[in-house]
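Asker: Going down the list, the sequences are from chains R and P. Residue 952 is where the first sequence starts when you use my numbering, and the numbers rise one by one after that. Residue 27 is where the second sequence starts when you use my numbering, and the numbers rise one by one after that.
No lab work stands behind these hints: they were computed from the structure. It is possible that some hints are incorrect.
[Unchecked claim] Pair by pair, the computed Cβ-Cβ distance ranges are:
#	chain 1	residue 1	chain 2	residue 2	range
1	P	Asp-91	R	Leu-1092	43 to 53 Å
2	P	Gly-92	R	Gln-1041	38 to 48 Å
3	P	Gly-132	R	Thr-990	23 to 33 Å
For every residue, glycine included, the Cβ atom is placed at its ideal position computed from N, Cα and C.
What follows is each chain in one-letter form.
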Amino acid sequence: MTANASSDAFADVPEIPGAPKKDPVIVAHGVKRVFGGLTAVDVEHLEVQRHAITALIGPNGAGKSTFFNLLTGFDRANQGQWSFNGVSLQSHSPARVARAGMVRTFQLTKALSRMRVMDNMMLGATGQRGENFFAALVPPLWRSREEEIIEKAEELLKRFKLYEKRNDFAGELSGGQRKLLEMARALMSDPEIVMLDEPMAGVNPALTESLLEHIVQLREDGVTILFVEHDMHMVRRISDWVVVMAEGRIIAEGPPETVMQNPAVQDAYLGAHHDTDLSEDLL
Amino acid sequence: MDFSDLLIDAGREMFAPTTAAFALAAIGLNFHFGMTGLLNMGHAGFMLLGMYGYAITIREIDANDGMFLGIEMAAGAQIALGVLVAILVAIAFGLLLGWPTLKLRGDYLAIVTIAAAEMVRFVGRSQSLKSLTGASTGIRGKDYKRPFESLSPFPDRQIELGPFTLHGSQSTSWWLVLVAWSAVFLAALLFWRLARSPWGRVLKGIREDEDAVRSLGKNVYAYKMQALVLGGVIGALGGVLWSFGNSVAPDSMGRPTTFWIWTLLLLGGAATVFGPILGSILFWTSLLVVRALANGLIPDTVLHPTELEPFSLVLVGVTLMLLVIFRPQGILGDRRELAINDR
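Chain R with its partners taken away, still in its complex shape:
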């Protein structure tokens, strides 16, 4: 489970912030989000490589989640452009972003607690005419599609080892199982890119392993993955490329093996004066 499968794609990519990629699926330029006097996100340029696992890391308050929210339409940027497959996604609603093929999960898992696991899954499907009010009144219009959706949902539930839980309420699942459910649900629409916001937060170590495997498997299936994560162990294990943010900016990019050696990254995580001996100042 090493991260070499698609590292060829990054062979000639320079290890600098905003590095151009060979086949970018997302291109963001000049994205800025200001909350009052605080500039939460100020990304000059970012390209995300297709069919790869890209990690977005950075210390607390670096603007990772805000940047995520901007890309997926859950927040409005003050300025900047970004495109998905060359099509601009600016000021699109979250629903339109998702329909375009970019589906996200949340840091605080949003399992629909008082719905059954199966209904959670089925909600993720697209192309169901019965979601229209008038069509909903005429079951023959949507019943066959419903069966296809059930089939697909069962397949995914088996893969994510939730099949036995399909008739339980989602609220009865453990925290880790909810993360799995959320990920499986996101896959119901066959997204081109999955955006995972801290997929490991609150997951017990026993489930971590299977979650990692699922993410790597997604890449093998041709899905692009962009994830925000704090757990450096996980980042090192599965990501092909790491983007480091600090104070709203992208300060470094590179493969997981070397990016942590970058002085800018060490400064961001540990402070610029972490190796200065302060004892002399005390005298």
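Chain R is already provided as a structure; the job is to place chain P on it using the hints.
Answerer: Just chain P, lined up with the frame of chain R:
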């Protein structure tokens, strides 16, 4: 006090048209709250608008010698037009309420709806609109009930059925009982169908977590609007049915009415098909029994007859509180479903 009379009264209350009208209104609210999680605190406003829409239409056609746009209208056509107007008014009201509030958090809808319903009532009872709404006295039954009563297939006299005696076709009649419960049946059928459709699934998802549903590519705003309008229309039709057994009076559709509907919905079980119906039957029957018992058993020196009405309403309030605390899923709700409370 005579217990057999009380029993018959209670039995009559169980299938009374008002019980049906409230069941219908509660089915509307069930679309809002049970299915979508919308906190509509102004359901009585939808009911009152429906009543006005229907009654004024019929009255104006009547004043025009049964002509509408130069066409002679039969009783059935008049009713259809009246109901259509009631529906359109409810749709307009729903759109107007939802447009600014559905993008905001749920609590805002509650604030806006309670205020809007009161505005409808106050505008309706304002003296300057006396020629249209009849101000605080409202619209008398004989001004708008005629087309409906003329369609009755039952004879024009008191009809005895078992221990119950009702008029065949006038006011609170067997005819109205039949129509009102048919409407309730159809609305319950609609709820059942939609709750089990992909459309209903999206609404339940919105009830649980809007953002999750957004992230799955659904237009949450449009769905919430559809639910608000649909529930409002059903509420308006409940209002029309209610007015057939009473008269159009703005003050009978104030805040208490909204809270009664909430109480009986939660009593029966929100998000269930039969919850609103069972809730309405139990609510009105037990209210009648409590009033009668209090009247018969509590001496005047303890509780004066004029205090009986407020006393029974206090009991309604206490019931609602106990319900929400001890059995939030109502009588028919799934205990497991409501036990999960980790949002």
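Asker: Now look at each hint and say whether the structure bears it out.
Answerer: Each hint tested on the structure:
| no. | hint | result |
| --- | --- | --- |
| 1 | P:Asp-91 to R:Leu-1092: 43 to 53 Å | holds (45 Å) |
| 2 | P:Gly-92 to R:Gln-1041: 38 to 48 Å | violated (59 Å) |
| 3 | P:Gly-132 to R:Thr-990: 23 to 33 Å | holds (32 Å) |
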